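2 protein chains.
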Amino acid sequence: MALLGCGNVGSQVARILLSDADALAARVGARLELTGIAVRNIDAPREADLPRELFTTDAEALTRNADLVIELLGGIEPARSLILTAIEHGAGVISGNKALLAADGPTLYEKADAAGVQLSYEAAVAGAIPILRPIQDSLSGDRITKVMGIVNGTTNYILDQMDSTGASFDDALAEAQRLGYAEADPTADVDGLDAAAKAAILASLSFHTRFPLESVHCEGIRSVSAADISAAQDAGYVIKLLAIAEKLHNDGAEGVSVRVHPTLLPRRHPLAAVRGAFNAVFIEAESAGELMFYGQGAGGTPTASAVLGDLVSAARRIVLGGPARTETTTGHVPVLGIDDVTTSYYIGLDVADQPGVLARIAHLFAEQGVSIETMRQTIHGNGGQLQQATAELRIVTHRASEAALAATVRAVKDLDVINSVTSVLRVEGV
Amino acid sequence: MALLGCGNVGSQVARILLSDADALAARVGARLELTGIAVRNIDAPREADLPRELFTTDAEALTRNADLVIELLGGIEPARSLILTAIEHGAGVISGNKALLAADGPTLYEKADAAGVQLSYEAAVAGAIPILRPIQDSLSGDRITKVMGIVNGTTNYILDQMDSTGASFDDALAEAQRLGYAEADPTADVDGLDAAAKAAILASLSFHTRFPLESVHCEGIRSVSAADISAAQDAGYVIKLLAIAEKLHNDGAEGVSVRVHPTLLPRRHPLAAVRGAFNAVFIEAESAGELMFYGQGAGGTPTASAVLGDLVSAARRIVLGGPARTETTTGHVPVLGIDDVTTSYYIGLDVADQPGVLARIAHLFAEQGVSIETMRQTIHGNGGQLQQATAELRIVTHRASEAALAATVRAVKDLDVINSVTSVLRVEGV
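Just so you know, the protein sequences line up as chains A and B, in that order. 1 is the number of the first residue of the first sequence in this note's numbering; add one for each residue after it. 1 is the number of the first residue of the second sequence in this note's numbering; add one for each residue after it.
Treat the hints as calculated values from the structure; they're not laboratory data. No experiment lies behind these values; they were computed from the predicted model shown. Keep in mind that the hints are not guaranteed to be accurate.
No copy is singled out in the list; a pair is fine if it fits within one copy or between any two copies.
With a straight-line Cα cutoff of 20 Å, these simulated SDA-like cross-link-like pairs (lysine to any residue) come out [as the list claims (entries may be wrong)]:
| # | residue 1 | residue 2 |
| --- | --- | --- |
| 1 | K413 | A366 |
| 2 | K146 | S168 |
| 3 | K146 | L24 |
| 4 | K146 | R178 |
| 5 | K247 | A407 |
| 6 | K413 | G356 |
| 7 | K247 | D20 |
| 8 | K146 | R52 |
Could you build all of it, start to finish, from the sequences and the hints given here?
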């Protein structure tokens, strides 16, 4: 058994493999022997105290001689080539590399299937939370209709800080960076790219269809303002960055939408209570109904738990025999572009407080075919100058298409009674 | 494939097997043929419209000729004999029968292991929630230290009603019976027996050790009063009936405690938000940290999802070959009796409002070796009659043994300044 990479997660995997060898042997039915740990620099500092003789810089040779390969390098190369080498040599592969799996998973899955080896990657999505295996195995007799996940701890921490302290995005990001929750270059997290990779993986397993990363519509949280958060609070919502994969049956468009965007959730929704850097995945299935899986989405030791769960299964398979668990891709569900998606929307408007304004706005929404679910008006006192009184209107719509919503917002902006459109955000869980 | 029983869950399993045959065949790699449904009365009304020719009253013959047997009869006999017949004939067994598994699981597991057939029972605990397989597979490389579950929907509904409406236990039970959430004879639910069976199953899988039903300490919710609920609310807690399996290292006693009892949980705890008839299982593991699994714990269609997940896995194994997934029972962890358990306690006291009362009580707790975490006093106005002023004291202790706590409560009762001990409840999640 070879370990490729000895960072945050890899060092904990190695530590547990060595310290918990007896318990793992009892569960597998044979001892797991760690033959080596491939790293770039043998003398780099590690988070766990590991025997120096295990380290090597020759990842290729280590991989060629292993029956199981744990890839925790991250990034595309050399991870991709090493995984392919492992598969060619008939070794089972455990990976936590969501970027690689989202970018080039189909090639890897096909090679693994053809070679009859198992490729497992529970650690790639939502850290310690068992989510991929429950989707693949436990829900294999059900039909998943929707998956919504808080799958990026950094953005959840930032949004949670904004929600609980009223901080701006920039200040919350700076705090997250100071605490080590966000990288110096936070692009992959705050622009939703990390969540998009996980969305592609979740969607592929949930709908038995391969969704390339390019099919994921992705919006990050940079544009979420303190005013958005505060308006959401006033209306009973919380803003979360959600990875969503959803089966939709709209007029003329039937398929699965895979998307990542800031989303309003009612505070009573189970995902709304997921605080700080925790992750959770909410699933709707035809028979099971609503399910939620909650836990730590990152961190060396929690993620190591997921890696070791995959490892025990893969090792048991080597000891006891049996076929590799492969992904079924018989779903062939079409991918819907963002224009074909229908969701509910929250629209915040700053309007003149005049008689008839509500009626005019309601009429305009109706003309555009966008149905209003709730409309709330808060009138701002203005010290008695009645002429300039303004009101804040908060509208939540029923499901509408992106196109219809965009046209409605454009038309609303043209009304003379509208001072400004303060927020337009998608809503789930209503 | 034979189905034994066609009640609430069985009729939905049969319906989905017939209506979703193509999707299931794609996932298994072969068509699943339902050869018959064994029932006591062929003409009884069913919740699904099923072909009459599938029904038989000869469960024994049906079982002998099946390669997979789904047992949804409930109760001990004839379920037990039929499962043994299936195992003897080399058939895989899927069961949702928690009473049987808790009462006589070890015999069944051993027979199944010896015959090399798979016995799966995801549906037996927490309905639709994938929980047994994540414990067995996903967490197989980790060490679970504690499991706490809301695993009985009836009692959660009753406690939730009491919490949200202030109803008494009797009224909330009557309402639950009226709505069909509770049986006419509610004993199995409200006395914690159903939860105890599930606790035994959860503990066995989590600690790789077989815990017989008799090893589960069980207290139901009949004694939970509206006053307890209200006091818990005031102190920031909610009362839940929890099934707990926990590894403890106390002086002189090391092992696993398996117990079911009403428990105070801080309102911020993830389990506190589990409302109505929903179920959830909270797990603490050494590496993974805190995990929670949430969903519908009962109901025909949700529970059918769990049965069908087990069925797809078992059928794949028949198609593709491979060993049965067996339970590891290499843990050999001793069972701790309730007297060896240490937990935090909440104690409500009605005391005389006199100087020095708090000090006397604190001194008495210290003498008994019970450490106080928080102590709050609320003084009741008494219309100016200062002599008879009383105060309510709410004490939450650090972990203490049952024995020390009982001795403390006895000693407290003897103090002249104590009017009454209003509640003594265990606390988790602090």
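Going through the hints against the structure:
Taking identical chains as interchangeable, the C-alpha atoms of K413 and A366 lie at most 20 Å apart only when both belong to the same chain, with a minimum of 15 Å there against 69 Å between chains. Taking the closest pair of Cα atoms, K146 and S168 never come within 20 Å of each other, the shortest separation being 31 Å inside a single copy and 39 Å across copies. In this assembly of identical chains, K146 and L24 lie within 20 Å of each other by CA distance solely across copies; the values are 19 Å between and 35 Å within a copy. In the homo-oligomer, the alpha carbons of K146 and R178 never lie at most 20 Å apart, since the shortest distance is 35 Å inside one protomer and 33 Å across protomers.
Taking CA atoms no more than 20 Å apart as the test, K247 paired with A407 passes in neither setting, with 24 Å inside one copy and 60 Å between copies. Taking the shortest Cα distances, K413 and G356 sit within 20 Å of each other inside one copy (17 Å), while across copies they are farther apart (69 Å). In this assembly of identical chains, the alpha carbons of K247 and D20 lie at most 20 Å apart only when taken from different copies (17 Å versus 43 Å within one copy). Within a single copy, K146 and R52 get their C-alpha atoms no closer than 47 Å, and across copies no closer than 35 Å, so neither meets the 20 Å cut-off.
Going through the hint list in order, the structure does not satisfy hints 2, 4, 5, 8.
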